[in-house]
Structure formats: structure tokens, C-alpha cells
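With the hints as your guide, set chain F onto chain A.
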Amino acid sequence: MTDISDAADLMTTAREALLRELLPVLPAEHRYSALMIANGMAIAAREHRLGPDAGQSETVRMRNLLAGCALPIPPSNDAHALRRIVCSAIRAGRFDEPASATRLTQALMHTAEAWVAISNPKALRTASQPTGRNEA
Amino acid sequence: MTEQTVHNAPRTDTAAAIARWLCDAAHADRAAITRYEKLPGGAIQDNWSLDATLEGGPWSGAHRWVLRKDATSSVAVSRTRAEEFAILQVAHGAGVRAPRPLFLCRDKSVLNAEFFVMERLPGLAQGHRLTREPALVPDGDALAFALGANLARIHAIRPPRPALGMLAMPANPAVETIAEYRAYLDALDDAHPALEWGLRWCERRAPAAFDITLIHRDYRTGNYLVDQGRLSGVLDWEFAGWGDPREDLGWFTARCWRFNGVEREAGGIAALDPFMQGYESVAGRGISREDLDYWQVMAHLRWAVIALQQAQRHIAGGERSLELALTGRIVHELEYEVLQLIARADR
Numbered sequence: 042m043t044d045i046s047d048a049a050d051l052m053t054t055a056r057e058a059l060l061r062e063l064l065p066v067l068p069a070e071h072r073y074s075a076l077m078i079a080n081g082m083a084i085a086a087r088e089h090r091l092g093p094d095a096g097q098s099e100t101v102r103m104r105n106l107l108a109g110c111a112l113p114i115p116p117s118n119d120a121h122a123l124r125r126i127v128c129s130a131i132r133a134g135r136f137d138e139p140a141s142a143t144r145l146t147q148a149l150m151h152t153a154e155a156w157v158a159i160s161n162p163k164a165l166r167t168a169s170q171p172t173g174r175n176e177a
Numbered sequence: 081m082t083e084q085t086v087h088n089a090p091r092t093d094t095a096a097a098i099a100r101w102l103c104d105a106a107h108a109d110r111a112a113i114t115r116y117e118k119l120p121g122g123a124i125q126d127n128w129s130l131d132a133t134l135e136g137g138p139w140s141g142a143h144r145w146v147l148r149k150d151a152t153s154s155v156a157v158s159r160t161r162a163e164e165f166a167i168l169q170v171a172h173g174a175g176v177r178a179p180r181p182l183f184l185c186r187d188k189s190v191l192n193a194e195f196f197v198m199e200r201l202p203g204l205a206q207g208h209r210l211t212r213e214p215a216l217v218p219d220g221d222a223l224a225f226a227l228g229a230n231l232a233r234i235h236a237i238r239p240p241r242p243a244l245g246m247l248a249m250p251a252n253p254a255v256e257t258i259a260e261y262r263a264y265l266d267a268l269d270d271a272h273p274a275l276e277w278g279l280r281w282c283e284r285r286a287p288a289a290f291d292i293t294l295i296h297r298d299y300r301t302g303n304y305l306v307d308q309g310r311l312s313g314v315l316d317w318e319f320a321g322w323g324d325p326r327e328d329l330g331w332f333t334a335r336c337w338r339f340n341g342v343e344r345e346a347g348g349i350a351a352l353d354p355f356m357q358g359y360e361s362v363a364g365r366g367i368s369r370e371d372l373d374y375w376q377v378m379a380h381l382r383w384a385v386i387a388l389q390q391a392q393r394h395i396a397g398g399e400r401s402l403e404l405a406l407t408g409r410i411v412h413e414l415e416y417e418v419l420q421l422i423a424r425a426d427r
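Sequence order for the protein chains is A and F. Taking our numbering, the leading residue of the first sequence gets 42, the next gets one more, and so forth. Taking our numbering, the leading residue of the second sequence gets 81, the next gets one more, and so forth.
Pulled out of the complex, with its shape left as it was, chain A reads as follows (with noise of 0.2 Å):
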């Protein structure tokens, strides 16, 4: 906790304004405008509070799948260079093995689930939510 408001927390608390006292009062052709810029306020608070260790641990998960693969592993911890090496490696083919391709699923799952914790947290599966498999 700090003593003051973090950018999270102002960004919570003017959302929560932008829901109680404004959007009541807004003609209704102004309310999707209004829920659209209370859901990119309510991401950028929660990717400020999540953002860093989603993208901490992204990098770690790149760096462990490409040392698995006994890829080069580059020196720096750059998410952006991360990714194309990642992305290159899968392109030549090389977590085409079954035990890479379920190692590459899952690291990637890891990620995804991170971020979308940060984009639309409702969009995640619980184990109480069906898998799908038996929507047919």
C-alpha cells in the first residue's frame, strides 16, 4: 500500500465516477462511447497493476522454450527481440516434436492467460466453465 493513490488506483476510482455519476445523466446514444472508455480505463489499471510480471515472466518462459530447443538464447531480455526469435524458431519447424509442441502450447497458454487477465479476465476458463469439449 502506498499513501497516496497509484495510477491503478486513479484509474479505478475515475472509472468508477465516469459508471456512477456520468454515465446515468449521458443521452443513450453516448452510453457505448461511455462503456468503451470505462473498459480501456478499467485495462490500463489493471495491465499497470499485472502488466510487469506478465511481461517478466513472458520473457523468462521465451528464454526457458528456446534453451530447451538448444536455440541461442540472446543476451538481452528485450520481449520485442524475444518473440521474433520464437516466432522464427517455430516457423523452421523446431517445436514441431510432440514433446516441444506441448512444452510451446503451454508456455504460450501461460502468457496468453496472463495477458488476457489483463485484456478481458472474463474470457478466462475456470475449471468450473466447460472446456468445450462436450459443446457438441
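Keep in mind that the hints were calculated from the coordinates and are not lab data. For each residue, glycine too, the CB sits at the ideal point set by N, CA and C. Any given hint could be a false lead.
Simulated DEER-style distance windows between Cβ atoms [what the hints assert, rightly or not]:
{"hint": "1", "chain 1": "F", "residue 1": "ARG212", "chain 2": "A", "residue 2": "GLU57", "range": "18 to 26 Å"}
{"hint": "2", "chain 1": "F", "residue 1": "HIS107", "chain 2": "A", "residue 2": "LEU76", "range": "44 to 52 Å"}
{"hint": "3", "chain 1": "A", "residue 1": "THR143", "chain 2": "F", "residue 2": "ALA286", "range": "16 to 24 Å"}
{"hint": "4", "chain 1": "F", "residue 1": "ARG400", "chain 2": "A", "residue 2": "LEU63", "range": "37 to 45 Å"}
{"hint": "5", "chain 1": "F", "residue 1": "SER401", "chain 2": "A", "residue 2": "LEU67", "range": "15 to 23 Å"}
{"hint": "6", "chain 1": "A", "residue 1": "MET77", "chain 2": "F", "residue 2": "ARG212", "range": "13 to 21 Å"}
{"hint": "7", "chain 1": "F", "residue 1": "GLU283", "chain 2": "A", "residue 2": "THR167", "range": "26 to 34 Å"}
{"hint": "8", "chain 1": "A", "residue 1": "LEU59", "chain 2": "F", "residue 2": "SER401", "range": "15 to 23 Å"}
{"hint": "9", "chain 1": "A", "residue 1": "CYS110", "chain 2": "F", "residue 2": "ALA286", "range": "18 to 26 Å"}
Not close to chain F: a few residues of chain A, all C-beta gaps over 12 Å, as computed [as the list claims (entries may be wrong)]:
{"hint": "10", "residue": "SER46"}
{"hint": "11", "residue": "ASP47"}
{"hint": "12", "residue": "THR54"}
{"hint": "13", "residue": "GLU57"}
{"hint": "14", "residue": "ARG90"}
{"hint": "15", "residue": "PRO93"}
{"hint": "16", "residue": "ASP94"}
{"hint": "17", "residue": "ALA108"}
{"hint": "18", "residue": "SER117"}
{"hint": "19", "residue": "ASN118"}
{"hint": "20", "residue": "ASP137"}
{"hint": "21", "residue": "ALA153"}
Quick look at chain F alone, frame taken from chain A:
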């Protein structure tokens, strides 16, 4: 109401230009535009409700139409209005439930863009409402059956069709689609490992056998009108072309297009079975679970590529827009769905 709508008509010179053109196109002596209003939605195309009263000629009388023209920005894969008009003519002629196309204007001096006029069908298209309000869809199974049958009627249109000679003929739809998405991803600043993995996964499983039909490429909840619980017509033909018909089945059933009905695989309105029964009743064939999974992965990849294109319009295209920015944020959840499907299929 009439006064209000007339009052809302845009600059009279626009209405006058349309009226002059309509007289010619519909062989009328006189045409009066009583309403010309932008319809909501349509990030890529502009749709306008067009009410016109014509005197003389085969169209004499009052009409409620839709005018469709290019919006300021378009995505690369989008067709021209002339092409879309031709496709709609063929589809409508084949008994597909879709707005009847009426007049095409290729003369850009009328509205500064190509446009066409089609009939205005009744109903509501909003996916989040159709999948949440049972009053709008009292019988989801029946609607899903009709949607399946209607899609099969599109897929019954096969090459060659002289009227569709402008459509490219893919040699291998899945392989070409993967190459196209890769080329797009390669042009971006950042790399996207989950999408890259999805493409690799699809490449290694690309179907060897396929047959080419007309496909809609955006046949999904949100793009069809439902009137009194029944299918009124399918809209937005701007991506249609020759392709593998299973692509449309994957797109329609993909989780990303189920809105508030994620448990209902047929577009969030019903289970898969009634939709496929409708499809099979016309097509005489269905799709295996494995193939459907494959094309659902492709569907999420396609939507992710389009979402990235929309995000680029905001980030780099000089079209600052919160809606486009938020569309870009959908990419995370699409990646997540791609990985969920891959994990399930590889299990």
C-alpha cells in the same frame, strides 16, 4: 416521424445527386429522397438507410432501401462494391436469404465512391442481444437450422460462374490463407508467437482434399438479421470469394462469435447439432469434429489478424479511435482460444 426523418436528411445536394442517379438507374421520371441516414455499425463499409419515392418506370412507388458505400478506411481483403454487388446477385439468385441487390453505381462523381442500393430487410443483427434475450430468438434450434441450410445454399454455388470471373481461384485455400496471414504478421513491428504457433499448427495439418465453393467469409452472429425469431437475411458480403466451405463452418461456430452464448456452439444461439442438421439437409454432407476444430483455429487466427489490422489503423494509420484500440486488445483472448483448441486437439 416522417418530418423528423426528412429533417435528418443530409445536405440536399447529396440527396439531389442520389435522386438524379436513381431516376436514371431505375428508369423513373422523378425520384424524391425522403430519408438518408447513416446506419450504425460498419467499421469498413458505410450503410445508409435510403427511403425513396419514384414516379414512373418499373420501380414506381415508395421504397425502403439500403445504400452501401466504402467507408474512409478499408482492410486489404475487402472487395469493391461492384464485386460485392455481383456476388450478392449470384447468391440471391441461388435462393440464399440475403438482401436483394438492386442498382450499382460505379460513377464516383455521384457520392465520391462506388456504391450500390439493395432492399432493406427487417430485423435485428446485434449479436450481444440475440444471444442474451430469449424474446428475440424464441426458438434457437429453428434459427440455427435455417442458418445452416442458408449457408449450405451459398456453398452450393460452385465455379465456374461467369458473373464471378473476377474472384481469384485458390489452388489450396488453407495453405494460401496461412501464407497471407504470415505475410501480414511479418509486416508488423512486434511478433506474435501464439499466432505464429497457430499458423504452424494449421500448416502441418492443412487439408489435402477440399473442394472449392463460394464462401461468405463473415457468416456469423452479428451479420444476419433476425425478424420475429426467424432468419431475415445475411449481410456483409464484402469478404466473400472462392474457398474451402469448411472455413465458413469454423467461423460461424468459433467461440469468438458466440457473444453472450459461449456454451452454444452454433453462433451462441443453439447447440451445434441443429445448425449442422440444417446444413446437411441442403448440402448432403457435414463436417467431422476434427475438421471443425481445425477451421475454428483458423477462424480465431483470422479474427486476430483482422483485429491487429484494426489496431494498426489506430496506432499507425492516423485514425485515432478508442473502438479500434480496444479491438486490438481482443488479440490476447483470440491467442488464448487458439491455444485452448490446439491443446485440446493434441491431447
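Do the hints match the structure? See the list:
Taking 18 to 26 Å as the suggested C-beta distance range, the pair ARG212(F) and GLU57(A) conforms, at roughly 25 Å. A C-beta distance of roughly 47 Å is found between HIS107(F) and LEU76(A), which places it inside the suggested range of 44 to 52 Å. The given range of 16 to 24 Å is respected by THR143(A) and ALA286(F), whose C-beta atoms sit roughly 21 Å from each other. The hinted window of 37 to 45 Å between ARG400(F) and LEU63(A) is violated, with their beta carbons roughly 22 Å apart.
The given range of 15 to 23 Å is respected by SER401(F) and LEU67(A), whose C-beta atoms sit roughly 19 Å from each other. Taking 13 to 21 Å as the suggested C-beta distance range, the pair MET77(A) and ARG212(F) conforms, at roughly 19 Å. A hinted range of 26 to 34 Å for the beta carbons of GLU283(F) and THR167(A) is consistent with their spacing of about 32 Å. Taking the beta carbon of each, LEU59(A) and SER401(F) are about 19 Å apart, inside 15 to 23 Å as hinted.
About 23 Å separates the C-beta atoms of CYS110(A) and ALA286(F), a value consistent with the hinted range of 18 to 26 Å. Interface exclusion of SER46(A) from chain F stands, the closest Cβ pair being 23 Å apart, more than 12 Å. With a cut of 12 Å on Cβ distances, ASP47(A) stays outside the contact zone with chain F, its closest approach being about 22 Å. With 12 Å as the threshold on Cβ separation, the claim that THR54(A) sits away from chain F holds: the shortest Cβ distance comes to roughly 20 Å.
The Cβ of GLU57(A) lies farther than 12 Å from every Cβ of chain F, with a closest approach of about 19 Å, so its non-interface assignment holds. With a minimum CB-CB distance of about 16 Å to chain F, ARG90(A) clears the 12 Å threshold, and the non-interface call stands. The beta carbon of PRO93(A) sits about 16 Å from the closest Cβ of chain F, which is more than 12 Å, so the claim that it is off the interface holds. Every Cβ of chain F is farther than 12 Å from the Cβ of ASP94(A); the closest lies at roughly 15 Å, confirming the non-interface assignment.
Residue placement check: ALA108(A) keeps its beta carbon more than 12 Å from all beta carbons of chain F (closest about 15 Å). The beta carbon of SER117(A) is kept farther than 12 Å from every beta carbon of chain F, the shortest such distance being approximately 15 Å. Under the 12 Å C-beta cut-off, the non-interface status given to ASN118(A) relative to chain F holds; the minimum distance is some 15 Å. Chain F draws ASP137(A) into its interface by the beta-carbon criterion, the shortest separation being 7 Å against a cut-off of 12 Å.
Non-interface status of ALA153(A) relative to chain F is broken: a Cβ of that chain comes within 12 Å, the nearest being about 4 Å off.
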